[in-house]
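Colleague: Read off the chains here:
There are 2 protein chains.
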Amino acid sequence: MPVGTQGTVKAVSPRELHELGAQIILGNTYHLHVRPGEKLISRLGGLHRFNGWDRPILTDSGGFQVFSLARLRKITEDGVHFQNHLDGTPTFIGPEQSMEIQRDLGSDIVMTFDECPPYPCEEAVASTSLDLTLRWAVRCKEWWASQPDESKPLLFGIVQGSSYPELRAKSAQELVKIGFDGYAVGGVSVGEPEPEMMAAIENAEPHLPQDRARYAMGLGTPPQMVEMVARGIDMFDCVLPTRLARNGTAFTAAGTMALKNAGYAEDPGPIEEGCTCYACANFTRAYIRHLIKAEEILGLRLVSLHNLHFYLNLMRTARRAIIEGNFAEFRRAFVAGYKKNEANA
Amino acid sequence: MPVGTQGTVKAVSPRELHELGAQIILGNTYHLHVRPGEKLISRLGGLHRFNGWDRPILTDSGGFQVFSLARLRKITEDGVHFQNHLDGTPTFIGPEQSMEIQRDLGSDIVMTFDECPPYPCEEAVASTSLDLTLRWAVRCKEWWASQPDESKPLLFGIVQGSSYPELRAKSAQELVKIGFDGYAVGGVSVGEPEPEMMAAIENAEPHLPQDRARYAMGLGTPPQMVEMVARGIDMFDCVLPTRLARNGTAFTAAGTMALKNAGYAEDPGPIEEGCTCYACANFTRAYIRHLIKAEEILGLRLVSLHNLHFYLNLMRTARRAIIEGNFAEFRRAFVAGYKKNEANA
Numbered sequence: 001m002p003v004g005t006q007g008t009v010k011a012v013s014p015r016e017l018h019e020l021g022a023q024i025i026l027g028n029t030y031h032l033h034v035r036p037g038e039k040l041i042s043r044l045g046g047l048h049r050f051n052g053w054d055r056p057i058l059t060d061s062g063g064f065q066v067f068s069l070a071r072l073r074k075i076t077e078d079g080v081h082f083q084n085h086l087d088g089t090p091t092f093i094g095p096e097q098s099m100e101i102q103r104d105l106g107s108d109i110v111m112t113f114d115e116c117p118p119y120p121c122e123e124a125v126a127s128t129s130l131d132l133t134l135r136w137a138v139r140c141k142e143w144w145a146s147q148p149d150e151s152k153p154l155l156f157g158i159v160q161g162s163s164y165p166e167l168r169a170k171s172a173q174e175l176v177k178i179g180f181d182g183y184a185v186g187g188v189s190v191g192e193p194e195p196e197m198m199a200a201i202e203n204a205e206p207h208l209p210q211d212r213a214r215y216a217m218g219l220g221t222p223p224q225m226v227e228m229v230a231r232g233i234d235m236f237d238c239v240l241p242t243r244l245a246r247n248g249t250a251f252t253a254a255g256t257m258a259l260k261n262a263g264y265a266e267d268p269g270p271i272e273e274g275c276t277c278y279a280c281a282n283f284t285r286a287y288i289r290h291l292i293k294a295e296e297i298l299g300l301r302l303v304s305l306h307n308l309h310f311y312l313n314l315m316r317t318a319r320r321a322i323i324e325g326n327f328a329e330f331r332r333a334f335v336a337g338y339k340k341n342e343a344n345a
Numbered sequence: 001m002p003v004g005t006q007g008t009v010k011a012v013s014p015r016e017l018h019e020l021g022a023q024i025i026l027g028n029t030y031h032l033h034v035r036p037g038e039k040l041i042s043r044l045g046g047l048h049r050f051n052g053w054d055r056p057i058l059t060d061s062g063g064f065q066v067f068s069l070a071r072l073r074k075i076t077e078d079g080v081h082f083q084n085h086l087d088g089t090p091t092f093i094g095p096e097q098s099m100e101i102q103r104d105l106g107s108d109i110v111m112t113f114d115e116c117p118p119y120p121c122e123e124a125v126a127s128t129s130l131d132l133t134l135r136w137a138v139r140c141k142e143w144w145a146s147q148p149d150e151s152k153p154l155l156f157g158i159v160q161g162s163s164y165p166e167l168r169a170k171s172a173q174e175l176v177k178i179g180f181d182g183y184a185v186g187g188v189s190v191g192e193p194e195p196e197m198m199a200a201i202e203n204a205e206p207h208l209p210q211d212r213a214r215y216a217m218g219l220g221t222p223p224q225m226v227e228m229v230a231r232g233i234d235m236f237d238c239v240l241p242t243r244l245a246r247n248g249t250a251f252t253a254a255g256t257m258a259l260k261n262a263g264y265a266e267d268p269g270p271i272e273e274g275c276t277c278y279a280c281a282n283f284t285r286a287y288i289r290h291l292i293k294a295e296e297i298l299g300l301r302l303v304s305l306h307n308l309h310f311y312l313n314l315m316r317t318a319r320r321a322i323i324e325g326n327f328a329e330f331r332r333a334f335v336a337g338y339k340k341n342e343a344n345a
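These protein sequences, in sequence, are chains A and B.
Anchor point for the first sequence: position 315 equals 315 in the UniProt record's numbering, and the numbering is continuous, going up by one each time.
Anchor point for the second sequence: position 127 equals 127 in the UniProt record's numbering, and the numbering is continuous, going up by one each time.
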């Protein structure tokens, strides 16, 4: 899922997202609540009409941003009091408020409101936090159960439990008891080493039902995503394709490429040989490097398009490999090819 | 002509320019000489291949930028010594150098190298400057005459003469004696009041041949352009559509519109009712205002598209009105409608 934090995937239009084959995008509940506000978006017909995206939208719960962006947080059983990062307005979001905001946005997949403990985190703290997250998950489910059936979106629960295998397992098991339409693994890619990130997935996954979507939140690099697909993950959201693009960094099967490098100044080739994206079909590395050096918006637009194409295409390729029964081979080749080059860079 | 200073019309892709119906774009010789350099562009196949624009490109001569951007200028009969605005590299551009740079870029319409006196400017200074510009125009013409015929671009002369009617007339007459494929009026929109700007056109135009394109350089507002069309001008280049867009200001037939204004926060209408551009066909003022307030690139992209559509469509409408014999009526209605609203704003 390309990430549309403030109601737009950065630097990319809905038409371009369609052409890239994006099936779904993510919107950030916290950001849209702070600006322009879900009530305004609702009065204008919901987020789909507001931003001109007619395919599914998943909204996160705001939990992660409350814990990473907001100031003067105070956590209670009810929810979180905080001052927003823009103008410091005192705000309260609890499970019910998060559900109401996501309903007003007109989301298609709604996430439960969770507490996101920092990394590293002592086991006792992680355990207390997880219990609160589970009680909030119950309240989110109850809130949705009370809503009218018509056009009710899907509700996904979020596994927490920091780096503790037992907590991850307990979190997944308890969520499944509550019952959700899909399950996410949160609290990953928060600063932990990659083996711990993979372990968090491995400790949760066996307890999640096979017939429900599994979603790893807020990551990752291309090999990380392929490794997580191998561990049963179906969905991802990640800001890397657009964030790195704005710095002039492109993704390729051989690793990342800093297009600012002087070595590309006269390079007549596309960002990635054989790539079918608009940038690669029409422009040279030399031109894109010039645009980035000259701080021209078209430069980061082109790299954003390429990177989103790369990510979406990687997932398409993984899906096809699974269907055709050669995922293991694809995984091995892709991860080896990508890492080798990164080490060389 | 949309302006592509550094080899790209700011925030807009070649595909979008095609869809907007742009027939020709402008490239800035000075900027492209400084970065990435015309030799590099030439080795990559010329500016058209470099930036992926397959329709005509007009390049200015660099004169205006040398006199507005560069530092430590020293003017001699040969040309201008200066330090570029980016890293202070000492550089020399005279008529022949300007011609060579424009040839290397692969321009379709090449402009003569001129001295651009400041405004205001005493008559003696303006007269001396004009004589130098005319001698440089002869050298530009001679340089082009010495070039092989195959795929030789068009060469346009530039009328100078500041705010002095006799100098403007003399400049036009002398240029016509030298003989060019088209004629531009330069040294306008450099800080003078609008009546003086119009007078500069009026003092030059009668001396320019009817069967050659006339081009007013570096302007203007929509009513200014319509007024200049009424005075015989055929071509314009102007940064206003894209520059104002980046500040969230949109052009409409009723005047400019600052989309940041709180009054548009919940406005469900398009930027301009009846407009067929991508922004107006798909997005509300409310959404675009949100994007601009949130400093999202898509916001300035959408306003850039709208503004370029507005300018290009204005010229299409003026052309049609001329062909259909009702230009006087169109001019009166458009200028009245635009100005009235600006006064109200």
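If you are wondering where the hints come from, they were derived from the structure by calculation, not from laboratory data.
Take these hints with a grain of salt, some might be off.
The list treats identical chains as interchangeable, and a pair is accepted whether it falls inside one copy or across any two copies.
Unchecked claim - With a Cα cut of at most 25 angstroms, we get these calculated DSS-like pairs of lysine-lysine:
(1) 260 with 177
(2) 339 with 177
(3) 141 with 293
(4) 293 with 74
(5) 152 with 293
(6) 339 with 74
(7) 39 with 152
(8) 260 with 293
(9) 260 with 39
(10) 152 with 260
(11) 74 with 152
Colleague: Does each hint fit the structure? Answer for all of them.
Modeller: Status of each hint after checking the structure:
1. Taking the shortest Cα distances, residue 260 and residue 177 never come within 25 angstroms of each other, neither inside one copy (51 angstroms) nor across copies (48 angstroms).
2. In this assembly of identical chains, the alpha carbons of residue 339 and residue 177 never lie at most 25 angstroms apart, being 39 angstroms within a copy and 68 angstroms across copies at closest.
3. Neither within a single protomer nor between protomers do residue 141 and residue 293 lie at most 25 angstroms apart by alpha-carbon distance, with minima of 50 angstroms and 35 angstroms respectively.
4. Proximity of residue 293 to residue 74 under the C-alpha cut-off of 25 angstroms is found in neither arrangement, the shortest distances being 44 angstroms within a copy and 29 angstroms between copies.
5. Proximity of residue 152 and residue 293 under a CA criterion of 25 angstroms is satisfied in neither setting, with 47 angstroms inside one chain copy and 31 angstroms between copies.
6. In this assembly of identical chains, residue 339 and residue 74 lie within 25 angstroms of each other by CA distance neither inside one copy nor across copies; the values are 42 angstroms within and 54 angstroms between.
7. Taking the closest pair of Cα atoms, residue 39 and residue 152 come within 25 angstroms of each other only inside a single copy of the chain (18 angstroms); across copies the shortest separation is 61 angstroms, beyond that limit.
8. For a Cα distance limit of 25 angstroms, the shortest separation of residue 260 from residue 293 inside one copy, 7 angstroms, qualifies, whereas the shortest one across copies, 29 angstroms, does not.
9. When the C-alpha separation of residue 260 and residue 39 is checked against a cutoff of 25 angstroms, the pair qualifies only between copies, where the shortest distance is 19 angstroms, while the shortest distance within a copy is 42 angstroms.
10. Proximity of residue 152 and residue 260 under a CA criterion of 25 angstroms is satisfied in neither setting, with 47 angstroms inside one chain copy and 35 angstroms between copies.
11. Proximity of residue 74 and residue 152 under a CA criterion of 25 angstroms is satisfied in neither setting, with 31 angstroms inside one chain copy and 72 angstroms between copies.
Hint violations for this structure: numbers 1, 2, 3, 4, 5, 6, 10 and 11, all remaining hints satisfied.
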